[in-house]
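Participant: So you can see what is in the structure, the chains are spelled out below.
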Amino acid sequence: MSGALGAGEGKLRIQVRVEKGMIAAVVLSSTRPVSACSILVGCRLDEALALLPRLFGLCGAAQAVAGLRAAENALGLTVSPPQIAARRMLVSAEALEQTVWRILLDGPRCISVKPALEALKPLRRVLASLRPLLLPEPTWMQVGGARLTPDRAGLAAALDEIEQRVDQTVLGRTPTAGSPWRDRGAFEAWLRAAESPAAMILRWASEQGLAGFGRSAVEPLPEFDPAWLARQMANDADYSFCARPDYIGVVGETGNLARCWNHPAIAALRAEYGNGLLVRLTARVIECGALVAELGEQARAVNAEHPETPDLENASGSGLGVVECARGRLVHWLAVMEGRIIAYRILAPTEWNFHPDGPLARGLAGARIGGGTEVRQPIELLVMALDPCVGFELTIDEC
Amino acid sequence: MCIAIPARVVELRETSALVERYGERLEVSLLLLDDPVAPGDYLIVQAQTFAVRKIDPDEAMEAYRLFDEIIETIPSA
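Taken in sequence, the protein lines are chains R and Z.
Okay, so the first sequence: first residue is 466 according to this note's numbering, each after it adds one.
Okay, so the second sequence: first residue is 0 according to this note's numbering, each after it adds one.
You may find that some hints are simply not true.
Said to hold, decoys possible - As a list, the in silico DSSO-like pairs of lysine-lysine whose alpha-carbon atoms are at most 27 Å apart:
1) R:476 to R:579
2) Z:53 to R:485
3) R:476 to Z:53
4) Z:53 to R:586
Rather than coming from a laboratory, the hints here were simulated on the basis of the structure.
Extracted from the complex, chain R is given alone in its bound form (with noise of 0.2 Å):
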């Protein structure tokens, strides 16, 4: 029965062949199911929205986000500023949960230490408690809006408590300490000193040579030209574009790196080690940063409103939406007619990140392995800093 489990979900399956202390093959191969999305025709629009959260239940915010973006697209609604604002929220509070967790769980055991648990836990529910501080209905992703009523003081408090986690269990300072970013010197005094796990893992890397482990020529993608993608992913009625997407001809990688590119310590540590493990692990932690502003800012934003629900019995069109997400770019395309899905397309940000041509695998081919270290751990670090979707199984055949 774990073949229907792997229908269901899918899996990643990376192959690499090391030769002679280098990587000399590598094989990505995918179970996704991209088309899992051609369920959702024949629904009402409303009903396929509702159900955006339940079949995407690990980032149903963000689905549900792109969703209705484009389901408002296609109807040529507009939605008010305090909806955008709440809605960012939501986005960037699921978006922080997953980005700690990598570095709280899954990269202290890519380097065989002990996961950060019990500082994760508090995080999780602080940030769980957001969405009825602004929505009070959990059924909150109504095309053109739900009822918002944000408790200010309940949001304000939720923040501060956020902000003080994250700064004490990612970075491991004190709230009167400055910031690692802030230039060459207080990046390297934070990485010789500090005890969490990101500056842990940072330092493993590095101290292992690891910094440039990796590296490609792979750049972020850039802004999208909507009207050319729109086209494609409407004429992708075998999802073969959302299963193994290149935008005018080139594959790009999406998500914490990509966006932290321009960053200043990022582009000082990539002039010296290029988009290597060491610099996706450091855009990681100060991603974590500024998903927390990015928060305190939509929390500005939002204000108590109820809208009007639209006519969505006689909805015809089709529309784009496209959300930045923990993981990267996501994008949803649907067409409706008379209020009912007539096709439905999402392209994922995994599908970028371990394209056959994406930086996962120009990463690692011709990426050398140095002496002492065991061969899993990089590779297993770089797929987590690149952050798959879906579960992944890792084949290793040394020559």
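Based on these hints, arrange chain Z on the given structure of chain R.
Facilitator: Then chain Z, alone, in the frame of chain R:
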């Protein structure tokens, strides 16, 4: 796409549970959950490792209906 199939708790262990979905059994950590868990409960599991949320049986049945359809209709199934 991070599709999440609910898993039914078969047996409780010290800080983990044996869960089942579509006939496949796996052991998942309960350490991230706040709610108490009992055999027969339904959980959302991340990366086949950690239970991240308990869901009510109605929601689980609705999810299974969707996943049954996905497994039946997708060619790779």
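Participant: Determine which of the earlier numbered hints do not hold for this structure and return their numbers in increasing order.
Facilitator: 2
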